[in-house]
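Novice: Using the sequences provided together with the hints, build the complete structure.
Here's the letter readout for the chains.
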Amino acid sequence: MKLDLVGIPVVECEREFAGGGPTEQGPRIPESRESMSISRRSFVQQTSAAAAAAAAVIPAGTPRLAAMQQPQQGDPSLKLLAMRGLDAARSAGAEYADIRIVDLRTQSVQTRNQRVTRLGDDETLGFGVRAVANGAWGFAASPVLERGEVVKVARQAVTQALANSRAIRDPVSLAPVRAYPDGFWATAIQQDPFEVPIEEKIDLLLEANQAALAVNGARFASSGMRFVRQRTTFASTEGSVIEQTVVRTYPTMSVTAVASDNSDFQTRASGEIAPMGLGYEYVRDVNLISSAPRWARQAVEKLSAAPVEPGAYDLVLHPSNLFLTIHESIGHPTELDRALGYEANYAGTSFLYPPNEMIGRFRYGPEIMNVQADRTQHGALATVGWDDEGVPADSWPIIKDGVFVDYQTTRDQVGWISDLTGVTQSHGCSHAQSWDRVQFQRMPNVSLLPGAEGYSLEDIIEATDNGILIIGRGSYSIDQQRYNFQFGGQVFFEIKGGQLTRMLKDLAYQGTTPEFWNSLDMLGGASTYELGGTFGDAKGQPAQANAVSHGCPPSRFRNVQVIDPSKA
Amino acid sequence: MADIITRDDARALATRILEQSSADETEVRIESGLDGNTRFADNQISTSADSRTLDATILARFGTRSASVAFNRFDDRTITAATAKAERLATLAPENDEQMPLLGAQEFRSNNAFSDVTASLTADARVDAARGVIERATREGLVSTGFIQRVANAYAVTNSAGLFAYHRSTLASYTTTVRTRDGSGSGWAGSTHNAWSSMDAPVELADRAIAKARQSVGAVAIEPGAYTVLLEPTAVGNLVQLLRGALDARAAEEGRSYFSAVGGGTKIDTQVIDERLSLTSDPSDPLLLDRPFTGEGQPVERTNWIENGVLANLATSRYWAQRQDGVPLSSPTGINLYGGEGSVEDLIAQVTQGLLVTRFWYIRGVDPRSLLYTGLTRDGVFRIEDGRIVGAVKNMRFNESVAAMLNNVDAIGGAVRVVASESGGLGPPVVVPPLVVRDFHLTSVSEAV
Chain A
1 MKLDLVGIPV VECEREFAGG GPTEQGPRIP ESRESMSISR RSFVQQTSAA AAAAAAVIPA
61 GTPRLAAMQQ PQQGDPSLKL LAMRGLDAAR SAGAEYADIR IVDLRTQSVQ TRNQRVTRLG
121 DDETLGFGVR AVANGAWGFA ASPVLERGEV VKVARQAVTQ ALANSRAIRD PVSLAPVRAY
181 PDGFWATAIQ QDPFEVPIEE KIDLLLEANQ AALAVNGARF ASSGMRFVRQ RTTFASTEGS
241 VIEQTVVRTY PTMSVTAVAS DNSDFQTRAS GEIAPMGLGY EYVRDVNLIS SAPRWARQAV
301 EKLSAAPVEP GAYDLVLHPS NLFLTIHESI GHPTELDRAL GYEANYAGTS FLYPPNEMIG
361 RFRYGPEIMN VQADRTQHGA LATVGWDDEG VPADSWPIIK DGVFVDYQTT RDQVGWISDL
421 TGVTQSHGCS HAQSWDRVQF QRMPNVSLLP GAEGYSLEDI IEATDNGILI IGRGSYSIDQ
481 QRYNFQFGGQ VFFEIKGGQL TRMLKDLAYQ GTTPEFWNSL DMLGGASTYE LGGTFGDAKG
541 QPAQANAVSH GCPPSRFRNV QVIDPSKA
Chain B
1001 MADIITRDDA RALATRILEQ SSADETEVRI ESGLDGNTRF ADNQISTSAD SRTLDATILA
1061 RFGTRSASVA FNRFDDRTIT AATAKAERLA TLAPENDEQM PLLGAQEFRS NNAFSDVTAS
1121 LTADARVDAA RGVIERATRE GLVSTGFIQR VANAYAVTNS AGLFAYHRST LASYTTTVRT
1181 RDGSGSGWAG STHNAWSSMD APVELADRAI AKARQSVGAV AIEPGAYTVL LEPTAVGNLV
1241 QLLRGALDAR AAEEGRSYFS AVGGGTKIDT QVIDERLSLT SDPSDPLLLD RPFTGEGQPV
1301 ERTNWIENGV LANLATSRYW AQRQDGVPLS SPTGINLYGG EGSVEDLIAQ VTQGLLVTRF
1361 WYIRGVDPRS LLYTGLTRDG VFRIEDGRIV GAVKNMRFNE SVAAMLNNVD AIGGAVRVVA
1421 SESGGLGPPV VVPPLVVRDF HLTSVSEAV
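Here the protein sequences come in this chain order: A and B. Residue numbers for the first sequence follow our numbering, so the first one is 1 and each next one is one higher. Residue numbers for the second sequence follow our numbering, so the first one is 1001 and each next one is one higher.
It is possible that some hints are incorrect.
The calculated DSS-like cross-link candidates involving lysine-lysine, where the alpha carbons are at most 30 Å apart (straight line), are [said to hold, decoys possible]:
#1 A:Lys505 / A:Lys567
#2 A:Lys567 / B:Lys1267
#3 B:Lys1085 / A:Lys567
#4 B:Lys1085 / A:Lys79
#5 A:Lys400 / A:Lys496
#6 A:Lys505 / A:Lys400
#7 B:Lys1267 / A:Lys505
Derived by calculation from the structure, the hints in this document are not laboratory data. As the structure is a prediction and not an experimental result, all values here were calculated from the model.
Specialist: Here it is, written out as structure tokens:
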């Protein structure tokens, strides 16, 4: 079988089916060995994946200015409003306060077959004031950007904090951070997606659908684009005033094939197309139209693919699949608030507990395993200049030579473990999904670094005797302490004697986090490193969404249990 | 405290926006909300929030071309700009022959979905409610975590065809997880209703979660396999709510659904679940109290989806109804699954050998063809022998079809309203009974507590 790894099925279907869960997609896969070099070169030029990989190990300096397009400096009246709010909070008794004024614009074009099913361009503007009073947090928010309202809401946040102080034991203590009185940062983009004519987007999507439906057996094609632009003015009573513009771009596609007698249907989605912190240049770069026929062919091929024979296999996980495994089994358990029980009522706790027995001691995986948290990585979704409490973007190791070394932190958390890590400043993981939600600890980009041997995906396949190559994310589920997982995929290829032999279906891999990561024995090199990502990382109560990327090379895991979930 | 928008103000605002439009057809939706929530962890309040929102969405149409724009500032300039944007986008959209004309004026039933007690619940009152659990857990030497949320919402829709609809509602929920200090035991309890005063008191929730946390200590691992399980109502709700999206006529007729019949058509009029069970939606059901119309203003009436185990209806969009010569039927939001009587305790007494499951976690679809889902048990699994709980069992992963589960029913209790979302958030109402289900597939052990 030729190495036609193209395409990763996805998610839109899974999302509809499962309802409400995280919705992810993976990185891109080149069409063939021939086009791989070309595609790879253009990918590196366009999105600097290799540079991003290198950047992941370089400590962050001060936040960078946008390389390409700088949005307008914010309206000075917003800063005045912010100051008014902070003054009101202070006068009402706040020991600390911050305010975020957020203007969020979202454009969405969705299509199905030859129709546009949704065309929308939405904007929401508002502010939230967070205050510490009498040692407790309070937060209030409103969409009315007027002086009187800002004052009222700031007082409301303080009143609420004072009420909350009746039920606290440990007063809030914030790690120090430098003041940034004139902070400015913007996502580095080449073309503002909101400036691209809507007709061009519609034409591209309908053409992609047509290309998919031209494949015999493909019955339904859906495609879409989502663009997000978030402008935030942040100010704190410690003297920071920071303006940021974050842009995110998310093209998607899925193709469904239905058996002629309705006895089966299979969907293949564009899992290798990750959402990215890039502009419209990314939409041009990924080219849905040229990939659509391949996704359609694979949807049809899935109808007749062989069911897996359950058992232990060596798994070769493509970045478009592995990124979400990293998200679930490394990203989440290394959240400090989770480890310490703060999310026990929903998102859960963590097996990485207690911190004093874990930091510098717990062997997560083999020595070749290095995992970096990084909010400075170009093109990644959680990349910012500063977090939502004015802490500059950071890059730091989570796992070093296979050993767990540090958690994700915010200003009010880092002190809980600073005597164990020696780190006294926040890693900058504060985030709120919108102006009306309070910020708290959220996942940065967390990435598995490439291996030194420089293996290609083909090298890894050739070295594998009895294995399965898994591309794209499928059904994902893990327990609330992040031990027991069951992860699916979009396309599965049997590997026999170093060769891809045939497509398989109806399978998932099942395991326990530490055992799984300790079975890692081959990592792709820097040129194989790709970013996957999701708009739908959910945590907190009320649940808030976070957008986050995970980079990794294709990697091999030995003797992993593979099941047919319908017969498990 | 700012209030949610009144019927008159909503009508005035919507009309003001509508008057700006020069499209062939225009629809305006207004959503107004108040959200107050408080979290606690480690026996103390962690964060809380009070916010209000007011959003409008304008849908502009020229022939069968359409586009929408949402915005949340209401000065004349913003309204004019938003209207112009929607109209410009609509003219650029391709023709859509599936688009149906806007609905004209409709008659709506009203219900008691709004509770003043819920709407006026203050941040201070939430602190008192949090302390109700915190103090009890602290006294017992346990660690409590919890989430209290209340919302008040108003929704209005009007359009150029003469429709106006307005509805307001409140919802509240309280969930708590209590754990032992050493992390070896965990218990959960939750309650939700439109009316805060109709919910379980914080101390009742505390007692239930505390009892489960204590009882779950010392859990033993069991072999994976097919077990008889007694699913508490919350666990049943976690899974049965997944049927909502699957009950769709178009997906079934296009061959993309569990409810597709092999050879074509749908499974309507065939037995799909146990004949003692029925599934309905009804905005007037005092346990459901849903909005009595859809987003576009189509009235929602009582609907039997499944009657005595037989599939009776599938949701049908207005377009699909016209095309297939059928009747439009909006998708279920609130659902009520019923068919038995009795409490969880009554059902425990009937089980000779089985497992009691408190709730499920991280439920994800595995295969939409069979409604196969995976996920894990959480916060209390107990072994039942001869009608009594005799010990704690470690959490397990399941791989099970919701349809198979509802066919393998041994016993059915009385339906109650549950917090069906894993996040403890406020979703559409879910009313379900506890069920005793045989051959439930628990496929691997989890060490998580």
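Novice: It remains to establish, for every hint, whether it holds in the given structure.
Specialist: Hints, one by one, checked against the model:
no.: 1; hint: A:Lys505 / A:Lys567; in the structure: 13 Å, holds
no.: 2; hint: A:Lys567 / B:Lys1267; in the structure: 24 Å, holds
no.: 3; hint: B:Lys1085 / A:Lys567; in the structure: 52 Å, violated
no.: 4; hint: B:Lys1085 / A:Lys79; in the structure: 28 Å, holds
no.: 5; hint: A:Lys400 / A:Lys496; in the structure: 33 Å, violated
no.: 6; hint: A:Lys505 / A:Lys400; in the structure: 35 Å, violated
no.: 7; hint: B:Lys1267 / A:Lys505; in the structure: 26 Å, holds
The structure fails hints 3, 5 and 6 (numbered hints given earlier, in ascending order).
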